[in-house]
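Keeping the supplied structure of chain A fixed, place chains B, C and D upon it in accordance with the hints.
Protein chains: 4
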Amino acid sequence: MSDVKKVVLAYSGGLDTSVIVKWLQETYDCEVVTFTADIGQGEEVEPARAKAQALGVKEIYIEDLREEFVRDYVYPMFRANTIYEGEYLLGTSIARPLIARRLIEIANQTGADAISHGATGKGNDQVRFELGAYALKPGVKVIAPWREWDLNSREKLMAYCEQHQIPVDFSTKKKKSPYSMDANLLHISYEGGNLEDPWAEAEEDMWRWSVSPEAAPEQPTYVELTYEKGDIVAIDGQAMKPHEVLEKLNKLGGDNGIGRLDIVENRYVGMKSRGCYETPGGTIMLRAHRAIESLTLDREEAHLKDELMPKYAEVIYNGYWWSPERRMLQAAIDETQKSVSGVVRMKLYKGSATVVGRKSEQSLFDESIATFEDDAGAYDQKDAEGFIKLNALRLRIAAGKGRKQD
Amino acid sequence: MSDVKKVVLAYSGGLDTSVIVKWLQETYDCEVVTFTADIGQGEEVEPARAKAQALGVKEIYIEDLREEFVRDYVYPMFRANTIYEGEYLLGTSIARPLIARRLIEIANQTGADAISHGATGKGNDQVRFELGAYALKPGVKVIAPWREWDLNSREKLMAYCEQHQIPVDFSTKKKKSPYSMDANLLHISYEGGNLEDPWAEAEEDMWRWSVSPEAAPEQPTYVELTYEKGDIVAIDGQAMKPHEVLEKLNKLGGDNGIGRLDIVENRYVGMKSRGCYETPGGTIMLRAHRAIESLTLDREEAHLKDELMPKYAEVIYNGYWWSPERRMLQAAIDETQKSVSGVVRMKLYKGSATVVGRKSEQSLFDESIATFEDDAGAYDQKDAEGFIKLNALRLRIAAGKGRKQD
Amino acid sequence: MSDVKKVVLAYSGGLDTSVIVKWLQETYDCEVVTFTADIGQGEEVEPARAKAQALGVKEIYIEDLREEFVRDYVYPMFRANTIYEGEYLLGTSIARPLIARRLIEIANQTGADAISHGATGKGNDQVRFELGAYALKPGVKVIAPWREWDLNSREKLMAYCEQHQIPVDFSTKKKKSPYSMDANLLHISYEGGNLEDPWAEAEEDMWRWSVSPEAAPEQPTYVELTYEKGDIVAIDGQAMKPHEVLEKLNKLGGDNGIGRLDIVENRYVGMKSRGCYETPGGTIMLRAHRAIESLTLDREEAHLKDELMPKYAEVIYNGYWWSPERRMLQAAIDETQKSVSGVVRMKLYKGSATVVGRKSEQSLFDESIATFEDDAGAYDQKDAEGFIKLNALRLRIAAGKGRKQD
Amino acid sequence: MSDVKKVVLAYSGGLDTSVIVKWLQETYDCEVVTFTADIGQGEEVEPARAKAQALGVKEIYIEDLREEFVRDYVYPMFRANTIYEGEYLLGTSIARPLIARRLIEIANQTGADAISHGATGKGNDQVRFELGAYALKPGVKVIAPWREWDLNSREKLMAYCEQHQIPVDFSTKKKKSPYSMDANLLHISYEGGNLEDPWAEAEEDMWRWSVSPEAAPEQPTYVELTYEKGDIVAIDGQAMKPHEVLEKLNKLGGDNGIGRLDIVENRYVGMKSRGCYETPGGTIMLRAHRAIESLTLDREEAHLKDELMPKYAEVIYNGYWWSPERRMLQAAIDETQKSVSGVVRMKLYKGSATVVGRKSEQSLFDESIATFEDDAGAYDQKDAEGFIKLNALRLRIAAGKGRKQD
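Chains as they are written, first to last, in this note's numbering: chain A, 1 to 406; chain B, 1 to 406; chain C, 1 to 406; chain D, 1 to 406.
Chain A with its partners taken away, still in its complex shape (with noise of 0.2 Å):
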């Protein structure tokens, strides 16, 4: 069946993974080299290598890519304001190009001629995978046991586990939760369960990362956020690595009731699909954004960034991070951010993350010019009959040769 001789599998030590990797080495009879990173999904992942050992894998990878993860993917998403669908903030997405890379770059130490990972054939996560492993290395083989293999129900599964004796305590989570879940530092998603009705409300003890608004303190609390070049670079003016800065919000997020959403999608495979998410410190990140571009992007710019927005968080949904239409986009954006400094005050209370206050060294606001008070001149209200005039002069003309208007 197979010419496979090496395969770099995406193993984060749970049960299904574990699972692939025996029925890798069985089907394939190849050799399994594991990759278990920690972007932040809240799990030990150093438990992962005694697991990989016990299943005969000699190659381990276990790495640390909190920094990286959201240094180099989840901060130039940011800068573009980017939301899916008017909602989303597409935490699992942004991961996956970054496991992509490193399991090409692993397949490519080692020798590997495939990668393979738990992806289902329903989702988009295979399609993210798949689409960064072909776009870094051609002619790699890709294995997606869950559209190969007839495992499909978790009966199955737990009998292939007994019978090839794989610990079924490789379950990372002690009681198994009714939802299909993905965490990183950016968010947790839930998918399944009661959710598969999109009228049913979401459990309470679904949710993880955050208390709800009701539990959620009294006072408000009120945080700094100091951006340079369209990044934060600092809270409440202590200095921070991108992903401290992303575990702080998170914390602060989570404690104030802050970031849970719950909406139905659209899969780049074609289906509609429920999911709860929860993201407090993407959440602070979107509104506060926004609100340092308030004051120092040109209007231009920023509408322009605001008309491109929706393309670029499809490419990044549908899997599309390591292609030229990305860069492209990139680049444009990232074009707009060199003035983006500054400090945005927030308040946090009770599920809600409001602006309050904004200021910056390079803001593009001139209270002189806006203000209701007389003029200082710097701008001529007799100006604006001319403004008027002109932009009108389209419709003007129209209207005199008799076009409807309605």
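The set of hints was computed from the structure by calculation and includes no laboratory data. Quick caveat: nothing in here was measured; it's all calculated off a predicted structure. For each residue, glycine too, the CB sits at the ideal point set by N, CA and C. Heads up, some of the hints might be wrong.
To give an idea of the interface, some chain B residues facing chain A are shown, with a C-beta separation under 8 Å as derived from the structure [as the list claims (entries may be wrong)]:
1. GLU85
2. ALA200
3. GLU201
4. LEU295
5. TYR349
6. GLY357
7. GLU361
8. ASP366
9. GLY386
10. GLY402
Restricting the straight-line Cα-Cα distance to at most 20 Å, the calculated cross-link-like pairs of lysine-lysine (PhoX-like) are [claimed, not checked]:
11. LYS338(A) <-> LYS338(C)
12. LYS229(C) <-> LYS401(A)
13. LYS401(C) <-> LYS382(D)
14. LYS311(A) <-> LYS58(C)
15. LYS382(C) <-> LYS401(D)
16. LYS382(D) <-> LYS141(A)
17. LYS229(B) <-> LYS401(D)
18. LYS229(C) <-> LYS338(C)
19. LYS156(D) <-> LYS22(D)
20. LYS401(B) <-> LYS359(D)
Output of the computed footprint for chain C on chain B, the stretches with three or more beta carbons under 8 Å from beta carbons of chain C [unchecked claim]:
21. 90 to 103
22. 256 to 270
23. 296 to 302
24. 393 to 400
Just chains B, C and D, lined up with the frame of chain A:
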């Protein structure tokens, strides 16, 4: 100075526009027709009659336009999920085209050759009034006193009142607010005062329609909104007219501290300004509309709507409601709303309006396809391989030819 | 292998689709219904009847769809000035949705459960046929022999013919062309042969519909096209049906060496391909439509059309005619065409179609305003100062704050 | 009237700007600095020196800007395949930012506080000059005589000359053309005269740079253009500087009757105007650039460029070269050009510039994949089924739920 015979003035009954009545009569030696509309600003409009009469006005128009305002302007705008610069719900912008249209219609009825308004020469409203007027009656003369006269301070206005015996209680607000405000059924806006420093937090006693999140009830309020073809037609199962819907949602939102916004925005005339807005009902409507669309719109039309929205928002913000480009965009938007029907369930709590459920007979959500359980046959996971392979082809070819991927 | 009972085949009467008839009968043990349409490809369709009968087909559909093709597909597309990748007039793409619709309608009439076509697995046409089919009849079975069988060379096809006694003169072209061609009223396309080297110039004897510019008449031909609501309704004052218009323009264009195109294009399936196209009438129509719009469209709607056009072209090229996004775009486009009426005068000469005049009762061109002579009062040059000053304001503020301008 | 001390004037040496020198000296009682640039308009610039001296000008700037013009303005613009309103190659628009920049630089060098130009108050050029000036020196005073004086007819100008002893042979054109013309290396434009009737065909003797197609040679000319990173660096293998390239292509194009254009366009100031343009080299360059991109650009970046192009063209046409939005778009465009290298072969014949071949070491065209012959293994036709099936999924679901498809 003038060959103006008769001018229709957008008259609030307040101090400024009362001065304008007198100033127009004197400066242009013309007859003034006043037009006062109830668009939900929350003040009685009938008292404007006596005031206008006292100023010698013979033709006085006082109208309740609330239903028309919401039905023909607010609702169409919300079909597009319209937001200006990522935040602003266009509460002021959307009322101007209606006022402009009535000014022109009244001018036509009364044989007036000019219209006038009380907007300053630095803001967007002058543009919106005048573009509308010119589009609907290309030969109309527009008189913008704030761009012409030298009464450009409170003191000069008061002196003019005294000199011309205009009763100062014409000022409709007992205690003069430090803010420049504008209200209609969709929102109240605040500018000026201490808001001119974008770092200063808005003072709690500025806000008029909403309680603070801190002062909102400890228990959430749930509400169900019924949509037909993109518009809300019932709340909690009770059928309502458009303006009744918005009044009800304003009450629900305001009681729960929802809809406060504090931004720096880019005016069409070229400057940045800081504004605060209260849009309780609109904030709920935006979220709810996206939710019902998430279930009923096709992915690609939803994405195309998102790409067009910033342009549509800009068109409205800049005052081009009565333009071919607005009609063109509206035709595209309305085409998509035919199936946007169903019910959205919202949770309102201390400043947040959260979607917790949505259902529709037009739903395109298909549980049997999206489920994580075994395939029901509707979706063959093996198709995903070909889908990914061909989508990756251009990337693979490029990589194979040595194109850099980062 | 099959639970297919009856399949409707897009049947040209040529060799390939004749083989498909037999292959379907054998492989699927099913009844085959043939559908042959005259969409202006320039070959008789009636001979397909005898051929189909000879192959044992009982239900034979032969239809003249030329008028419907131009009226409902070509004309709407030209309202958008549609060009794919800056060059291609979508001649093949625009015929597919009509064929797909008729295949499905015939399937519904005849009780067939499948459709089939002769497009290969590497091209765009398979996508266009099948997306249309699925959109119109979601449960339909699609059989694409070129993706299934192993008759993937001319030799194997000939062998199959011999073996199954399919007369080889079923090939409709006497001398087999080295090119893969497709023709309809809008164009002929050529692929393959020596065109596979994008550096090689197309050979003169490849072209079928047009003389070479060198061989065209020494005298130019002038023609006047009358538009109503965006569509041509008369040529040189003579009213014509849509397909008669296109036939006439093909003749005029072809005689004058107009409409040859040689490009490399990006297929939806991910590869580049080189194609040559002859689109004599379409080339004239595109230019003329822009000319009549230049006089009758408002600037902003014209610009918005230009921004939407590439997306609209992509939607059609990729096969999504029967999609919500195409209908949405069409609604926007058609909204703009209400006043696109008038006459365009073209000069045709040795390969060029040049606009030399245009006139319209709907014209928005106003000589009295545009003239360089003294103002007639309609336009006050002094308004330009305010127009420029306010448009420059954001740039001046930025420069005043020290922003770099290059 | 004035606190202007010194003004830098864009001086052609012709009658109109000579009058402006005198008028500025008189009206503003200020010193005038003249700036005359060779940007390829085809007239000697050195004679402007004596004329300026005769008018009493002490600081005279005469510069050859041809190389800079093509390298820094024309070439970047052509990287985007820029066309305004589907036809116009922006020949006038693209020269203005360079003139504006030099005016401001000279103002800074000479200590001038104002700039002036000879553009009228009805056209686009005043906007382009002044937006550039304000963006580069926000406090500059701009004097636009045509908006201020009453010399708004030929007769009044001549009278002014006589009165002020300005030699009338300052008029650079012996026989006064009936057209308003503007020329630079990229094009000549013609407005006015009999062109003010958009139905009237331009007269043959109007055109200056090109022979008529009828008068062009009977034999085609072939030419090969070598691209590096999106710019032409050699013609027929001979390396050339940017302006030499354009001069050469103007010659080749003009000799073959290429580049004439006759359109009605929408001016930024709100009116339509009819213009004729001769752009021989630019017409060739546009076609050739698309051809080299067709081989070397990824599909999605190519399509995104096409979607952004109309906006980019509008930005340049309207005069916003020196703006953040232009830089943002340029960053995106330039990002795509890194691999746009290779050779394009064109055929020039009696008005047509046709691409007949293209080759590149950066080519993404892969003959082995696109071929119609047997698969070489690089592309598995069976993948197309999954590709189509998943792309069709949303359409099938919608159809299955009863959504109308037409």
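Quiz item: Are there hints from earlier that the structure breaks, and if so, what are their numbers?
Solution: Those not satisfied are hints 7, 9, 10, 11, 13, 14, 15, 21.
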